[in-house]
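There are 2 protein chains.
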Amino acid sequence: MASVAIQGEMGSYSELAALRHFGKPSIVRYPSFAEAFKSVGREADYGFFPIENSIEGIVTQVCDLLLKGRLKVVGESVLRVEHCLIANRGVPISRIKTVYSHPQALAQSRKYLESLGVEIVPFSDTAGSVKMIKERGMMDSAGVASEYAARAYGMQILRRNLETHSHNYTRFLVVSRKANKAAIGRAKTSLGLVTRNVPGALYGALGCFAKNRVNMTYLQSRPVLGKPWKYGFYLECEGSLGGAGLRSAVRELRKGAAGINLLGSYPAARSRYG
Amino acid sequence: MASVAIQGEMGSYSELAALRHFGKPSIVRYPSFAEAFKSVGREADYGFFPIENSIEGIVTQVCDLLLKGRLKVVGESVLRVEHCLIANRGVPISRIKTVYSHPQALAQSRKYLESLGVEIVPFSDTAGSVKMIKERGMMDSAGVASEYAARAYGMQILRRNLETHSHNYTRFLVVSRKANKAAIGRAKTSLGLVTRNVPGALYGALGCFAKNRVNMTYLQSRPVLGKPWKYGFYLECEGSLGGAGLRSAVRELRKGAAGINLLGSYPAARSRYG
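Chains as they are written, first to last, in numbering that gives the first Met the number 0: chain A, 0 to 273; chain B, 0 to 273.
Every clue listed holds true.
Because identical chains share one entry, a pair is satisfied inside a single copy or across any pair of copies.
Under the rule of at most 30 Å between Cα atoms (straight-line distance), these lysine-lysine pairs were calculated in the DSSO-like manner:
| # | residue 1 | residue 2 |
| --- | --- | --- |
| 1 | Lys229 | Lys71 |
| 2 | Lys110 | Lys130 |
| 3 | Lys67 | Lys180 |
| 4 | Lys110 | Lys229 |
| 5 | Lys229 | Lys67 |
| 6 | Lys210 | Lys254 |
| 7 | Lys71 | Lys177 |
| 8 | Lys229 | Lys210 |
| 9 | Lys226 | Lys71 |
| 10 | Lys110 | Lys67 |
| 11 | Lys133 | Lys96 |
| 12 | Lys110 | Lys226 |
| 13 | Lys110 | Lys96 |
| 14 | Lys96 | Lys37 |
| 15 | Lys37 | Lys110 |
| 16 | Lys110 | Lys71 |
| 17 | Lys96 | Lys130 |
| 18 | Lys226 | Lys254 |
Derived by calculation from the structure, the hints in this document are not laboratory data.
Please build the complete structure, drawing on both the sequences and the hints.
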């Protein structure tokens, strides 16, 4: 049985996605992404972390930990996010005065929550808000989290599909100490890139991919610590590091870039939104 | 006297930066970026918003509001971020048990706060945490905010320069209903870009800048709402929309891109870090 490190409380979206991806893993929970990253290869075989959400965009902490760390990306997974309003059993929706959740979940449910006329209070965690409401027996409060969180804490769902935008997906990466070695069918590859400090450097770097017919699927710039207004890039592209096109692109990249960090190839997640 | 809309409580880093940029503006404060954006051209002449921090990176809400809105960028400003530990007068550091602040300020001060052995509690706002500690007369708590926040609330600074990384700068943009028309000396230009959904589209777009010797200084990808895994880009480059190079680049961009949004040209902020 694989052990998988995640960030968040019992019942989190990460936990739900990890269960779906791995079947029945042993989940090891950490309060912060940094601690969860550290545990990979020690307390846990894998880490399972959100890299981007289709509404909020990049999860910067995870991106930065990947770029500066030594872990390899070995898998990818997509979860549809469906927010529920969750309260203690027996509490009717009319008694809810305060709603707690992670700021992003609150923002995504704002239209509905405003129609309820409740006080909206940011909390560190979606599932954590449900846990607090249960533990403290708060009878005039609700949390915003997944159906899975409601079940995990034996709580009542007052309303489903709170989110304003239904196209709400989070994409997760599976990381490990060791890169995938075997050939992968429909592969994707992640890498980190720091360009030289000259005009047109990023254009030149992207040219290495284009000329080798490697399709880039994601590009994210991140600040370089201690060097204000200097940027590194997190990239994903189609194909595997074992393939001829990407191999040739990386060879050319090495000549021009200030730094390159091959994060690994992995099977692309099947898209779950049609 | 110019009126300037900002997000945050009295004493926020935004307010401090706006005062330095405008001299003596009339500040209009809003709890959210969305409300502050809406007020520009109505309750306020200008908006003044953080676009990126040299450690945390992009401020996604501001970037998204710029990309989907109709406001123009007319200025830029850089503030050195210096976090202080702030408490009620007469409270010694040895009595502090709990420290409140915005999660980013807490993360940036984590090393020092952990050495204090206090409980670290996320709060919506840096200056807001100081306000709460004052209003509630909390004598065993401190906030993390600027020296300016301490002065704004008449509070005591227990310690300065909490931040782990001293190269901590936030870059702000000035926005207005109307674009700058006059010629600008050392100009920068902001634009939004949505590429066509074909391989190499971003490479092609960046080529329009490179071929016209326009130096790109910032590139940020953002999700397109309702279209998972499709991205728009926020770009900044050197030069003005009135200049020949950028004018020619934009002309070429229009042919290949799915959408382009000229956000305006403005004087580049003088770098304040040497």
